[in-house]
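Residue-level listing of the chains:
2 protein chains.
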Amino acid sequence: MSNRTASSLSSWLPILDWGRRYNRDTFVSDGVAALIVTIMLIPQSLAYALLAGLPPEVGLYASVAPLLLYAVFGTSRVLAVGPVAVVSLMTAAAIGEHAIVGTPEYWAIAITLAFLSGAMLTLMGVLRLGFLANFLSHPVISGFISASGLLIAASQVKTLMGVTAEGENFFALVHSLVLHATNTHMLTLTMGILTTAFLFWARKGLKPLLLGLGLKARLADVLTKTGPVLAIAVTTLLTWGLDWQGQGVKIVGTVPQGLPPLTMPVWDMALWKELAIPALLISIVGFVESVSVGQTLAAKRRQRIEPDQELVALGAGNLSAAFTGGFPVTGGFARSVVNFDAGAQTPAAGVFTALGITLASLFLTPALYFLPQATLAATIIVAVLSLVDFGILKRTWAYSKADFVAVLATLGGTLGLGVEAGLVIGVSVSLALFLLRSSRPHIAEVGLVPGTESFRNVLRHAVKVSPALISLRVDESLYFANSRTLEDRINSAVATNPQLKHVVLQCSGINSIDASALESLETIEKRLHDSGVTLHLSEVKGPVMDRLQGTEFLHELSGKVFLTHYQAIQELAPVE
Amino acid sequence: MSNRTASSLSSWLPILDWGRRYNRDTFVSDGVAALIVTIMLIPQSLAYALLAGLPPEVGLYASVAPLLLYAVFGTSRVLAVGPVAVVSLMTAAAIGEHAIVGTPEYWAIAITLAFLSGAMLTLMGVLRLGFLANFLSHPVISGFISASGLLIAASQVKTLMGVTAEGENFFALVHSLVLHATNTHMLTLTMGILTTAFLFWARKGLKPLLLGLGLKARLADVLTKTGPVLAIAVTTLLTWGLDWQGQGVKIVGTVPQGLPPLTMPVWDMALWKELAIPALLISIVGFVESVSVGQTLAAKRRQRIEPDQELVALGAGNLSAAFTGGFPVTGGFARSVVNFDAGAQTPAAGVFTALGITLASLFLTPALYFLPQATLAATIIVAVLSLVDFGILKRTWAYSKADFVAVLATLGGTLGLGVEAGLVIGVSVSLALFLLRSSRPHIAEVGLVPGTESFRNVLRHAVKVSPALISLRVDESLYFANSRTLEDRINSAVATNPQLKHVVLQCSGINSIDASALESLETIEKRLHDSGVTLHLSEVKGPVMDRLQGTEFLHELSGKVFLTHYQAIQELAPVE
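Residue numbers (the numbering used here), protein chains in the order written: chain A, 4 to 579; chain B, 4 to 579.
What you were told as hints is all true, and nothing was included just to trick you.
According to the in silico footprint, chain A covers these stretches of chain B (three or more CB under 8 Å from chain A):
| # | region |
| --- | --- |
| 1 | 389-402 |
| 2 | 483-489 |
Computed Cβ-Cβ distance ranges for the label pairs, DEER-style:
| # | chain 1 | residue 1 | chain 2 | residue 2 | range |
| --- | --- | --- | --- | --- | --- |
| 3 | A | 464 | B | 463 | 29 to 37 Å |
| 4 | A | 415 | B | 38 | 57 to 65 Å |
| 5 | B | 532 | A | 220 | 17 to 25 Å |
| 6 | B | 502 | A | 415 | 43 to 51 Å |
To be clear, the hints were calculated from the coordinates, so they are not data collected in a lab. Beta carbons are placed, not taken as given, at the ideal position from N, Cα and C, and that holds for glycine.
Model the full structure from these sequences, guided by the hints.
Okay, here's the thing in structure tokens:
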């Protein structure tokens, strides 16, 4: 029996469930995990705020309240909620049309976007609309994430080069970078490249090195995650010590100290209307990312998450972000995996992490004054390039051309037209291709395999058929988009076989018949009747037969409904 | 072998096929049919032109060239092409936004609309896109036609009452009629109601009466169709003889004599862009109406029509309408049935009908001067009310709630928001409901029926199961929108059955597996593996297995693929 049926209150407030069983062991595990995640989150939060076009401290603000709210409402034990790369990029794209980066209006719109996204997520959760996320196919998500990774990396390269570059899409951005290449600030670039190289190496090479030095596996794991913090510390110290700022290296500068502020979204219906679509897309992408991370981690411990309750938890998280100076957040992949690996047992780990981030924003921010922006750019580039996976193109090409087209459309749309257009194009193309496929069902003429009672495609096998009878097997549920194909197939069979007396539809692949298909069957029956041919059915599934009972079609069917196709052939036109 | 393969030239020019075999018998049959259709078409053409907001003679023009072109390119032997009610209504709706009824601009836009529609239809035919019409489900078409019938009837009631009334939708129109009721012109209304009553009676009561008088069935049939012509003759004579015009009855007035004029569409890209969507919708609705009529009639004589070639023929017809002063046309239901019943053998009947209409527009138009507009309104009302079928609501309610919702959305959308919005809403809703249904597949846990080798739903039947093994049957092809449902179902099974060792998917209802579903299967396999459970498949269909061969999933599958589900149970966890 699931918890949901056991207690409906604790299904809305999962904290009542795990909170009751909290003890010293879980406290220690959660505390250790929280410490590690906090260290990892500080540079990430700053970097993703900059990526979203916001002041760095906003990233810290967005990492406090959402973690607390998720701890109350969330069903995953280990999900860590906060700013993530793709959602930050989408936030920047959405606000870019309404305000200029760095202005108070820009921040106010980010807060409003978090508010709208939070409201939508909560509403979808209450209405149990979590299934809507299923319409984002894996190829579309994969293409979208890869393209977003490239877009983000390209946007960070200008910071790495110390130049200004702009472009309304990926290709324009790369073109602009090439045009501005002559203005490259060499010190910034050198430091940026070295930092990037170090971070890449830290991901792959640091752990074996630490293990080689005799460290325990768990400690080596944890130290590996501190790569970005190390990079920040070293480059900040160098910039301060060698006065790199004086030589033109751009630094983060003053980051205000203090608790997250109390803020309000902009109450402007016209603005809400314009932000509605971006907010919806951000909500769906955030939800999909969060749920897939949560599900994967939960399964490893034979736990489950409730997608609809996750919507409520993410909604509450985003609403809280809106009232504490943050911007749209979701459950992040990297931080959740770290939290899981570090041994977090309950969402209390999130509460402790929130505490850590609060302490950082109270006391640590002055230490970030000399942090070079290029270091943060390097952190982002390393993080997002791991998201880019062109292998999906090869895999879908080999397995399914329709899926390949969907990936390509999403990739091309996102790189060429931006994140929102890319996502909409991807979903539209994948749905259109699915409809197209299901509208052209595989209809095989089948014949009896000699010496057996089974039937196979006449084009593939040596089978027996009678000129007076045609057996058609439809490998698809019948609905409006494909029912005329069946009509046409049967019309053609009748027009080309003058000796035909019986048509038998083998219905083993038909899982449902909608009203249009039922009318088509009636039309087929009438037309066959007019031509002196009888229509029969065989192997109709139980649920389909339940529906057909009581319809005029079954009542007026001139032929019979046979339990097995073999019985039909034996009775109507034996071939053996 | 079909004609298409026998001769590709005659597949593009079906006239080469039937023209070669033309003889005296077919000539006589076609001639008689043409005479009857011509008599029926004259009032219809005038009436539908008025319905479209055009001068009455335009209806005659639109009934000449399209018939000739269809005779050359069409694949139906009996389809009669010309103005039809629903397309005329859609034409009025499309032009209404750009010009005022009665102006030369209005007519010019009608001509342009015919041109665009013709070009689109031809292009769709050449690109073999006829299958796109399949995405209009029967419930949507039925709801759309019924709502259009009501809209048309309501628009004609004002002419019947002799008042002016306007409304941007059905309800506003009816409201306006009620407000203007006090201005009703009683003579017009009395004549209109009597004419309507006569026409309704002529449909049902005239034939039995004529048969009772001793006429032969065929002749009685033909005379029944002359009801509208009789109504026109009598009311025109009365209006002339009793000077009803002087008493305020509105008449048709001068209808210019002469051949259809040579005209050109407006070459204005901005206008084309605005007309593109209406032209596309008109094309699709016209094509669907035409093809369903053509297919039904062809089947009665064991003939077939080629939908893609029909697109070309209707395209040529509409293009010809654009260059001869006409407006959008299609194959009409009533006229085609009359043509068929009257014995038309080949499209030459259409050529003779075109000749008849030409003669009428050359010599008959002065006789129409005193024709009351209310008589034409009565003809339209009687014609369109036969299209209204609310029975579809009852039938779909009984058979399928999803189809019921689609009908209701189309009806409501068309009546409340107009023909274009209604059609778009209907198609969107029906596609969304189909996707929704397929995204929530029926997944049954099955168990062994004692004493057999077959498996049934554990919730419906007394069957045997083992606590170590769960058998799941998925009654739907797996694709992105439903693959997570399967993940969730299996997660839940694993989380609630601690003794579980094996999951076996019975794949007999799975007709395809897309790349997303394949990834989901991989995820399921990994998660089950992490939980110490083994995944197996059974009864995988041939085409699905072909695809799976060579994928990583099949390679890494820890369990087996069994030919039958019974074999799987026997080997893994026998229950008998």
